[in-house]
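Peer 1: The listed protein sequences correspond, in order, to chains Y and X. Letter by letter, the first sequence follows residues 6 to 488 of my numbering. Letter by letter, the second sequence follows residues 6 to 488 of my numbering.
Mixed in with the good hints, there may be bad ones.
One copy or two, it doesn't matter: identical chains are merged, so the pair holds either way.
Subject to a maximum C-alpha distance of 16 Å in a straight line, what follows is the list of computed EDC-like cross-link-like pairs (lysine to aspartate or glutamate) [what the hints assert, rightly or not]:
1. K331 / D287
2. K30 / D374
3. K354 / D159
4. K454 / D282
5. K187 / D428
6. K361 / D87
Think of the hints as simulated: they come from the structure by calculation, not from any bench. Bear in mind that the values here come from a model prediction, so they are computed numbers and not experimental data.
Next come the chains, spelled out residue by residue.
Protein chains: 2
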Amino acid sequence: MVLQTITPVLLCGGAGTRLWPLSRKSYPKQFALETGGRTLFQASAGRLSGGNEAIAFTAPLTVTGSDFRFIVTEQLAAAGIDPGPILIEPAPRNTAPAILAAALHLHDQDPEAIALVAPSDHAIPDEAAFQAAVARGLPALREGRLVTFGITPDRPETGYGYLELAAPAGEDPVALRRFVEKPDAARAAAMLAEGNYLWNAGIFLFRVADLLAAARAFVPDMLARVREALDEGRSDLGFLRLGESAWNGLEDLSIDYAVMEKADNLSVVPFSDGWSDLGGWDAVWREGDPDAAGVVTSDHATAIDCENSLLRSESGAVELVGIGLKNVIAVAMQDAVLVADASRAQDVKKAVAALKAKGARQAETLPRDYRPWGWYESLVIGSRFQVKRIHVHPGAALSLQSHHHRSEHWIVVEGTARVTVDDTVTLVTENQSVYIPLGAVHRMENPGKLPMVLIEVQTGSYFGEDDIIRYEDVYARGQGAKG
Amino acid sequence: MVLQTITPVLLCGGAGTRLWPLSRKSYPKQFALETGGRTLFQASAGRLSGGNEAIAFTAPLTVTGSDFRFIVTEQLAAAGIDPGPILIEPAPRNTAPAILAAALHLHDQDPEAIALVAPSDHAIPDEAAFQAAVARGLPALREGRLVTFGITPDRPETGYGYLELAAPAGEDPVALRRFVEKPDAARAAAMLAEGNYLWNAGIFLFRVADLLAAARAFVPDMLARVREALDEGRSDLGFLRLGESAWNGLEDLSIDYAVMEKADNLSVVPFSDGWSDLGGWDAVWREGDPDAAGVVTSDHATAIDCENSLLRSESGAVELVGIGLKNVIAVAMQDAVLVADASRAQDVKKAVAALKAKGARQAETLPRDYRPWGWYESLVIGSRFQVKRIHVHPGAALSLQSHHHRSEHWIVVEGTARVTVDDTVTLVTENQSVYIPLGAVHRMENPGKLPMVLIEVQTGSYFGEDDIIRYEDVYARGQGAKG
């Protein structure tokens, strides 16, 4: 058997609200939800690394948004996975432009490249079974077909689209007859009984040349414009940022709608070893292996006399206790708590909308704010002071800046900082401090090989992120940009 | 009409668990639950200050536990109430010893003294109506009677004891026939219908000489021992700490059981203008003025399609959202969250027991730790650092101390500190910092008239409160005591 090389294409630009408060616009589900010590994104990348006797995965190609690019690199590094190329979408445009950009980029490197495109926010616990399924798709590729993966349904689900097969599902690829929209309950029950309908999981395996040929036939304008965005793209700190003017003119379109539903050369590989899109807290409950009473609890969550309930504490600093609950979902974080009837899991977006309407930060952002150079969080804000923890990646640097309204004390508590204050540059290491007077031009850098953590105590009258006069920034950000 | 002077006796040594997570052993309900910007303790003290055309309250006499003494002074100061004498019970011994100690202390000052004894964790929204009821009790005192206050029941409550009156309740004091234990549901309904049963609220008005005469008759040994504890008491930073050896030998007994149920000279003043013992979250819900759907929400709590539910965020930093809930109580804090079916409000103690069993700090303590000199809270703990906010009262001082395992950086962010480091004493003011090397003997004091707040950044290998070598302490605490 010839070992087939496959490049994983990880799509992680999405930002849903259905897993609020864990998932927020600034830090969506694929990066936030952890199972077994890995985030969904890390698990997706891990599932598409290594290989078996038939396939070998290369480093992944990741397509994400600008706000998430450093989360991607940090999470891949933490999982010990070679990052591969990272394409930055100037704006979200659904899956078709993202997948076409990935396909064009891979085709430029190798016209024979094979890609496995997958969302990065689904759960597939059995990695080996999934890799075996990928291998089963290879014969169809040799016939120039586009392969998708269909999940064997175990319930009459009305929340997913379906794939109708030309023949009942077995182990081997089956020709696709057509895509089926989300059904009503009766139709879902009928399809479950019939046996030749699988859930559409949005996972695709193809020779990039074949996908591009299909795109050339069905969406030639989109393909041309994506080509343009790629050609106009520029390398930025190791990321490939797609050209903004071409990209922003693209239509928001799914790959199903743009290409797959029109193509007549689709094959489906059935997969029945466990999959969930984790599309809501009810799905997280289902995947959480409920006990005999139907209860799922996380660390730091305690259920007393509860039934059919999910109790999750998303912070080691928060203890959550449920008493006598039935069909309740409770998710606790340090700055936000959701408590919902389980039947209302799909209405969590209403919580986000309500908080947004009242101007609560928790609607969209976490206490921890990710920046190109690392992250910071505000530990306490008083009337005339603020304390922050600042985490700077090895080799990273904050901008050269000054403030009109505050002085700062920096105490390094981990690693070593190179600190510029006006004309003086000093190395400041663990347990040393430095004072930045109001108005002084200053910068902090991490020249070392380990993360640098410092505590910043600001005193003054105003602590807004817009009181930053920026003189020089390796990340090319403007006035008022954060950090 | 002669203006009668009355001394309020505030009992606030209790530490229940039924309002966890808000109420904890280290910071119980009377100090924690706020309504209208005042804690229950502050509201109780406020209700028993000032007076009307018939009565004038003196400064209160407070009886509390050692752990709560500085909470008492801080909350009275914040409410603008003269603290009066504060008696410290070396250990909780229920209401009889506490009330007898107060009565003896008042009698020593003035044998004609009149006391109004009240728990400090009940809600009585209409202060003027309550003061009018107190005034209605005065005629009975002139006949040497002990007066208690009975709440007109509005439901067949099985959670309270009752007072059976010799005649139906009107406005004026009525002779008490007998105390009635907590009834079953049928008996409670019958008593509600009969009209001469009132709830026992544990509030008493008496000439201290009369109470002491009754105690001499019914519990002479207890009275003698309380006298001894008072005589052995010592003044400690303005508190009167009762003698430990005498006090600790006292029986744990309620004033009802020790004296009131045996006395034949009790009169009851009916009160029907609103009262709650706030004995559980269900009572807090009931007193919270539910809307048409039966929903009560606090600031930073949002209810979407909820019914008959209580949603409270106890922190401005936590947003709580409920969706589709029925009969649910949810209380969110930064470090702990309770979600319970409303019918299980009395089982909250099970939550505390479960957390205690698993060793979770949240069972009994809050993030903020109260000390004689003020309070501190840990803002973040890393593997080799910890950051604290420390709040020092005007005129207060921490002990002179040193550490084996950590250095400290202090940055003053509010007020002015006097800082001792080995042989050097300096004034450190807002936006100034000082470094305490490992091993240095140091002390912080607040010499000013305003609170002093500083941020302490500790670096080292161990941050336990037992790494404190204490050289000198105005609060006479030993090695390993906190702060």
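Peer 1: Hint by hint, note whether the structure agrees.
Peer 2: Right, here's what the structure says about each hint:
Taking the shortest Cα distances, K331 and D287 sit within 16 Å of each other inside one copy (13 Å), while across copies they are farther apart (18 Å). Taking the closest pair of Cα atoms, K30 and D374 come within 16 Å of each other only inside a single copy of the chain (12 Å); across copies the shortest separation is 35 Å, beyond that limit. For the homomeric pair K354 and D159, neither the shortest alpha-carbon distance inside one copy (27 Å) nor that between copies (41 Å) is at most 16 Å. Taking CA atoms no more than 16 Å apart as the test, K454 paired with D282 passes in neither setting, with 37 Å inside one copy and 60 Å between copies.
For a Cα distance limit of 16 Å, the shortest separation of K187 from D428 qualifies neither inside one copy, at 64 Å, nor across copies, at 78 Å. In this assembly of identical chains, K361 and D87 lie within 16 Å of each other by CA distance neither inside one copy nor across copies; the values are 37 Å within and 44 Å between.
Comparing the model with each numbered hint stated earlier shows that hints 3, 4, 5 and 6 do not hold.
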